[in-house]
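Asks: Listed below are the residues making up each chain.
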Amino acid sequence: MSLIAITEVKKRFGDNEVLKGISVDIAPGEVVAIIGKSGSGKSTLLRCINGLETIDEGSIVVAGAQFLPDEVHLKALRLKVGMIFQQFNLFPHLTAGGNVMLSQMVVKKTPKKDAEAVARKMLDRVGLAHKFDALPDELSGGQQQRVAIARALAMQPIALLCDEITSALDPELVAEVLAVVKELAAEGMTLVMVTHEMRFARDVCSRVVFMHQGRVHEIGAPEDVFANPRTPELRQFLGVQ
Amino acid sequence: MTYQFDFGWLIDSLPVLLKGIRITVQLILIGAVFGVALGIACAWVRALGPKWLKPVVATYVELIRNTPFLIQLFFIFFGLPSLGIRMSELSAANLAMIVNLGAYSCEIIRAGIQATPRGQFEAGASLAMTPFQTFWHVVLVPALQRIWPALSSQIVIVMLGSAVVSQIAAEDLTFAANFIQSRNFRAFETYIVSTLIYLALAILLRQMLAGLGWMLFLRKASR
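Going down the list, the protein sequences come from chains A and B.
Under UniProt numbering, the first residue of the first sequence is numbered 1, with each subsequent residue one higher.
Under UniProt numbering, the first residue of the second sequence is numbered 1, with each subsequent residue one higher.
Because the hints were derived from the structure by calculation, they are not lab data.
Note that the Cβ used here is the ideal one computed from N, Cα and C, for glycine as well.
Careful, some of the hints might be misleading.
What the hints assert, rightly or not - Distance condition first, Cα-Cα at most 20 Å in a straight line; then the derived EDC-like pairs of lysine to aspartate or glutamate:
id, chain 1, residue 1, chain 2, residue 2
1, A, Lys20, A, Glu57
2, A, Lys10, A, Glu53
3, A, Lys182, A, Asp170
4, A, Lys182, A, Asp203
5, A, Lys20, A, Glu8
6, A, Lys182, A, Glu30
7, B, Lys51, A, Asp70
8, B, Lys51, A, Glu71
9, A, Lys182, A, Asp124
10, A, Lys75, B, Glu122
11, A, Lys108, B, Glu122
12, A, Lys20, A, Glu53
Claimed, not checked - Using C-beta positions, here's what the derived DEER-type ranges look like:
id, chain 1, residue 1, chain 2, residue 2, range
13, A, Pro171, B, Gln114, 30 to 38 Å
14, A, Asp114, B, Leu29, 31 to 39 Å
15, A, Glu17, B, Gln114, 27 to 35 Å
16, A, Lys10, B, Ile157, 49 to 57 Å
One chain only, chain B, in its complex shape (with noise of 0.2 Å):
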């Protein structure tokens, strides 16, 4: 053992490796966002939706959950364009994520409305609420409070896969370590950095997540 750690590079490949955690955050931002509320349409259409849809939405939640992220990604952000879609690398990163955790977050939501008891349906009903109105103000809020750890440990894994759209040039905190890496051939030290700061990522993730999950579920106390 005579190699002589160094992370003198990371000073000046600070800049870089902040816009890099920036457009991670970003990512995981509008991916858990946009990629759960979709997860919530598909969850009702599987549950409760309409017969004609479902079939559709089944397709879609097997078709990305039997394949992998990254082909995901090199589809939208290669193959599309030859149908004339194309879009930025980060539109990419972001719309693959979007998409991924939409199909697993609904199986994931699914699971909670399923398990609602009966009496919850058929009580909305007897108010008058038509069914969509049951599931928007009776069923949701409980259903998500039953998975919400299985759809935080969703969320962070999306967040810890989405260093693949690095492959794309999408430039999150891989795209950055890598690049960082190329130039200062410190493949340990940066490398190392960068894994601290994903741990830092996904545990504060986590925190926030559970944060949210009390504010939306458990305000007795603070009622």
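Extracted from the complex, chain A is given alone in its bound form (with noise of 0.2 Å):
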């Protein structure tokens, strides 16, 4: 049974389709890198799943929460599937603390002690439990791309979206939120994400989704897809002839 279904989903801006008919099924624990050439529609794939993006046709169903774009089904599919995005979105005004416990007293109504202790738990894991009062511009990029992390965790999502999350970064401090989320994928959590760290996909994920122009050009597990390029598209993509 798998945890994230997308069938046949066809998404276009006007009159430009970029998804012409992406399926794809996700099963629980698995870690899947999607890549590709920008405009390639991967992000757009990917907004979809959070319901950031309509969809026009096909349909994208999480853990039985369906995606229709009204307000109760948008709010069941967002609390199954947490997003973490390329520029962090912390909220600026609120610490590191407050940006992990907001959602969680909006949107769960959970007391504010007990979400206080959710977001220490989640800070820690994340390797922060330090800067628990820190604002946000207090904090390095690497610091802020694990609090939005902990910021989603903290709301007990089974599956993470990850939006080209180290592609604001700074090289030196990509490792360090790579590693949280190296860490996450041990731990059995699903997590779909676009990314061109082609090392961490090749050595994190169980598979890999290449798009090209709207489709899925190729899928399959990371050696094959790295090691044994079928399409030219591909081969030209990775660099390899």
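Put the two chains together into one complex; each comes in its own frame, and the hints tell you how they fit.
Replies: Printed below as a string of structure tokens:
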């Protein structure tokens, strides 16, 4: 039984069809990397899974929660999948702890004390327990991204979507974020990540999806996809002849 | 220049003057709190609210921003009684100031909301917050922080503009000054005193708003 079932999804921006019928099933505990050139639709696909973009055709079901564009269904879907963004998107007026506590209190109506306990636990999990009272602009990019991960985890999602989460980071900060993601993967969290970290995809992911012009062009285990690219497009993308 | 300055009247007129100050302060406090609240509500509608409400708010905002405050005040105090809506001078003055500041602050706050990076809305949404929850908990405070200096100026403008409520006999500071002047015929002295009081009030109000902004937005040091 797949955890995330994406079936024949089509998405258009005006006349531009960016997703031309995508079908991917993701099992619980899988770590899936979506790779591809910019404009291939990989970020759009990820955003659809969390309902940040609407879809024109097809269906997306996450653990029984069907994506329908109304508030009730969106909330149910988003409670199951957390999302982490390229630009972190921390709330600038709240401390790291406040960022992790907010949605628990607002959405789940968790009492403040319990939310704080969860926030401390989650910040500890990403190695930032000591930054509970720091404001986002007092943190490095890598630390901000780890707070964002803690914030998503605090909602206890069953899957995490990562949208190029290391692309806005200085090279020396990438490792600390990927280490956290790797740990989550080891703990059995289902992860779907759009990434340019090919090495990370090869080492950590259970499956790689190569998207090209709005379609799933190749899909398979990382050792196959990276070692034996079957199509010229993937070969070109990977820079191998 | 043979004019003899005389401030002797000040002692006798002090109670009237103090009452005028009290009324003016009261007007601006009530006007600012409810006016900004109204402005926030209207800004939400214009930036993020339901489509059907937008034209209603837009009409209100444009109506107020493109007509004189004095006429708005006259309409509320002299016009509305024809519809059976009667109120005291002070209530009319309060209402006029709230309605006026509501419209101007709506546009200022809306600018702050619209300058919010899209990622903030998306982060809120991805955490399963409703659009309104995201607005209230995520967007509003940074939006107010962005436009706080402009909003503070507008509040001071409305405070100074409150002088015209004396025209419907609301007993504010200007009313008191006019009243005193009509008794002592010391126009220069009376109005220079009231000018200085307005100046002091305006500076005080700015300081208070700056302090409030600091409390709301920049608690870093005292956190």
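Asks: For every hint, state whether the structure bears it out.
Replies: Here is how each hint holds up against the structure:
1. Lys20(A) <-> Glu57(A): Between Lys20(A) and Glu57(A) the Cα gap is close to 9 Å, so the pair holds against 20 Å.
2. Lys10(A) <-> Glu53(A): 11 Å, holds
3. Lys182(A) <-> Asp170(A): 19 Å, holds
4. Lys182(A) <-> Asp203(A): Within the cut-off at roughly 9 Å; holds.
5. Lys20(A) <-> Glu8(A): 8 Å, holds
6. Lys182(A) <-> Glu30(A): Distance of about 12 Å is within 20 Å: holds.
7. Lys51(B) <-> Asp70(A): Holds. Lys51(B) to Asp70(A) sits at ~16 Å (cutoff 20 Å).
8. Lys51(B) <-> Glu71(A): This hinted pair holds, its Cα atoms lying about 17 Å apart.
9. Lys182(A) <-> Asp124(A): 16 Å, holds
10. Lys75(A) <-> Glu122(B): 13 Å, holds
11. Lys108(A) <-> Glu122(B): 18 Å, holds
12. Lys20(A) <-> Glu53(A): Answer holds: Lys20(A) to Glu53(A) is near 15 Å, not above 20 Å.
13. Pro171(A) <-> Gln114(B): 30 to 38 Å: 35 Å, holds
14. Asp114(A) <-> Leu29(B): 31 to 39 Å: 38 Å, holds
15. Glu17(A) <-> Gln114(B): 27 to 35 Å: 30 Å, holds
16. Lys10(A) <-> Ile157(B): 49 to 57 Å: The hint (49 to 57 Å, Cβ to Cβ) holds, given that Lys10(A) and Ile157(B) are roughly 53 Å apart.
In terms of the numbered hints stated before, the structure departs from none.
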